[in-house]
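**Q** No gaps in the numbering here: position 497 of the sequence shown is 497 in the working numbering, and each next residue is one more.
Among the clues, some could well be false.
[To be verified] Derived DEER-like restraints, expressed as beta-carbon distance ranges:
(1) Ala517 <-> Ala54: 42 to 48 angstroms
(2) Asp297 <-> Ala398: 16 to 22 angstroms
(3) Ala825 <-> His353: 24 to 30 angstroms
(4) Arg666 <-> Ala321: 36 to 42 angstroms
(5) Ser481 <-> Lys159: 54 to 60 angstroms
(6) Glu102 <-> Ala517: 31 to 37 angstroms
(7) Pro359 <-> Val634: 53 to 59 angstroms
(8) Pro29 <-> Pro130: 35 to 41 angstroms
(9) Asn749 <-> Val634: 28 to 34 angstroms
Treat the hints as calculated values from the structure; they're not laboratory data. Every residue, glycine too, gets a C-beta built ideally from N, C-alpha and C.
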Amino acid sequence: MSNVKISCSIAIAIFSFSLLMTPARAQSPRVFRDDVQPQWFDGNSKFWYRIRLAENQTEFVLVDTVAGTRKPAFDHQRVAAAIGEATSTKLAPGKLPVQSLEFAHDLSSVLLQGRNGSWRLNLKSNTVAPIEQHSADTGTAFFLPVRKSVDRGGDLELKITNELDSPVQLIWIDRNGRPVGYGSIASRGMRAQHTFVGHVWLLQNAKGAPLAAFEATANAVEIILNKESLAAVKKSSSPAEPKRRRRRGRPSAAISPDGRWKAFVREDNLWLTETPSATPSAEGNESADTERQLTTDATPGDSFSKDASRARLVQMAYELANPPAETPDVHWSPTADHVLAFQTDRVTERRVHYVESSPADQLDPKLNSYPYAKPGDKLPTPRPRLFHVETGEEIAVATDLFPNPFELKFLKWSDSGDRFWLLYNERGHQNLRVLEVLADDGTVRAIVDEHSDTFIHYSTAGKFVLEWLDDGNLLWASERSGWNHLYRYSVSTGDVANTVTSGNWNVRRIEKIDQDAGVVWFYAVGAVADQDPYHEHFCKVHLDGSGFTVLTEGDGTHEVKFSPDRTYFLDKYSRVDLPPVAELRRSDDGSLVTKLETADASQVIAARGSLPIRFTAKGRDGKTDIWGIIHRPVEFNEDQAYPIVENIYAGPHDHHVPKAFRSSYRHQHEIADRGIVVVQIDGMGTAWRSKKFHDVCFQNLKDAGLPDRIAWMKAAAKKFTWIDAGRVGIYGGSAGGQNAMAALLWHGNFYKAAVADCGCHDNRMDKLWWNEQWMGWPVDDHYAVNSNSENASRLQGRLMLVVGELDRNVDPASTTQVVRQLIKANKDFDFLLMPGVGHGACERPYASRRRATFLAENLR
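Please construct the entire structure, taking both the sequences and the accompanying hints into account.
**A** Below, the structure written as structure tokens:
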């Protein structure tokens, strides 16, 4: 299945084939003792958690942070015997009918809460007393709209009954608020669903309309969906309904902060009108007397109406409609003295067309289309227009510092309303500026003026940081030193107040800025010597640049979870060859309180015979370390020589080799088990090493780090005699599809076979934002130089091309144009078109099998 990666600086869906390695939902074999969900109490000095063990057993653990101890929360053996005697059942200590705990303030007793009853355990005498159940709990209350899932306790099993006359769909709402489908429940049907306390589930009808949501609770027995429960949901939701209905008249007028004015658009021009509350009824003014036209030069193609074409063309929100024509794109000053409006020079939207050969609802094919900007296309251009409200006078805003915007974005007004700030991202992504505009005269100056001779990596979280600070400064991320670091700028002077972080490592992502304490909490990569430079470690630093501390130690990639008061944090780290380890650490200095868990991955190791091997070798320059991993066949024999196949994804927006532990590698294992060694490598041109390492991709996507990957595989073959470097294949999807074919075009003397799925084989055919980020603007000859299509005649080796006819991420014509060029060059190749399938066709079972078979047969 496909996964979507979200960029934070522009809200877009990046289809990252590096994430297609996600384990399948089936969890067999399983990993145990790997998920600690702390339940804090006693002033955040203690917590308990429920840990999953093998054979469907669980254990309850109590941690005392002051004493630094970890121990069983109670005597499981005695509790099993006591509850078993009370219920006339035989219970195993690891299979107690208990879901959650509630400790008494003096820790003398603990309430054991279960699905079918609760008990009070006296911790001094180890006696158990049942708690009277006054009424059956049929689950938590239904509600709408949905909210994000949170982790409030251990796992449990719910019985969900559908008493409606039609089937319902069951949707889990994940911790980020995203829906994850879990199939349907038939009319009059029942589902036993495993979940966790605090997780939110949505029930919707067959058409996708939400019916009800609920949160799993520790003592829920059954969730029943019927007409009565639906009526309760509608009743609880009804007060919010009027707020969602559109008002008549001018529905989208932007009201000034003082409530006096409304801005609206009429015949593409900007107007103001006084609100009824601002116009005394005694004066008897007609509404026309309160209206004022601010502009007269707008046209339908250059309008003040808010425009969604950029979202459709660049952010890939294909179906997003424009707001009503009356809606202005305005930003009022806090004092309502000025109004800033954007007038947008609109464009004719390019539409990509495709044929759906086998639609589900008819026999004949359908012709579909959607808006899709490609490199070099003209984009809608917003221009700021500033007006004094009382006089209607326009204050001209100087435009010399934002002459050619890829994006010009309003940031905020000052509290006093005397100035505002814009973010300017220049087309080609070599200049990025924070601009300050004075309201009195429209003077513009750059507070931050970032420049790169190659590209500024604005499109990935962590590389773009702009945070306003309460002390009159702003926090900014830059690679100007050759590494991604934080800088504090003085907003008043535009000077760098101080460098916050520095060194030959990268700030990966910010977890929190504590302005009261003047501390930034963040993840870093490369900050710990003698470890994999892609491992994420948790750190803190003061905003003045002092007190930099790496708070985690273990040799792995880390994820932390804080206590409610942030005095402690749970540190979970792992590697591909190290099952997760959980520790409790102090937030002030990272010192260890106690070790909590070491995951049990014995089932995974037994099923596969081994875990991936981490391997490092020098790249093309003979100096730079290149990191990768090796997957061996399940029936591995070290005395046998195996062909080697690289799973490639060289998209420059990230690194892509897995770092954290995984219980399964879906297609890597499918191919490996054909008697192949599968490798994954991060070569030059990918992100999160030095800027120099990253810049290899600039106007050079055909490189794909392939020289580094070849050097790595040759070194691996020297170390591991069971690797045959004379039989080398490669496969990938999306950007990885482009990379896989490029391997045969430019390095056909090394790679012998390739499978390229839904590749962007000519970057002029792919989405504008992603390709201009790396290939630059304007679109010139270097695009053709990097094109697989233009260079198809160079093909050596065996090639299989795969594409889904419904791909709306990468234009399918990018693949069929390569097919045409290969035919023109009289080259032999295989081509698989997947009807009814979108992006990532090779992740469907049929195409996945064909991919594995092709590689195995051509590398014998």
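**Q** Look at each hint and say if it fits the structure.
**A** Structure-based check of each hint:
1. Ala517 <-> Ala54: 42 to 48 angstroms: Between Ala517 and Ala54, where Cβ atoms are some 43 angstroms apart, the hint holds.
2. Asp297 <-> Ala398: 16 to 22 angstroms: About 18 angstroms separates the Cβ atoms of Asp297 and Ala398, which means 16 to 22 angstroms holds.
3. Ala825 <-> His353: 24 to 30 angstroms: holds, 27 angstroms
4. Arg666 <-> Ala321: 36 to 42 angstroms: holds, 37 angstroms
5. Ser481 <-> Lys159: 54 to 60 angstroms: Given range 54 to 60 angstroms: holds, Cβ gap about 58 angstroms.
6. Glu102 <-> Ala517: 31 to 37 angstroms: Once the Cβ atoms are compared, 33 angstroms apart, the range 31 to 37 angstroms for Ala517 and Glu102 holds.
7. Pro359 <-> Val634: 53 to 59 angstroms: Roughly 40 angstroms apart at Cβ, these two residues miss the hinted range, so it is violated.
8. Pro29 <-> Pro130: 35 to 41 angstroms: holds, 38 angstroms
9. Asn749 <-> Val634: 28 to 34 angstroms: holds, 31 angstroms
Of the numbered hints given earlier, the model fails hint 7 alone.
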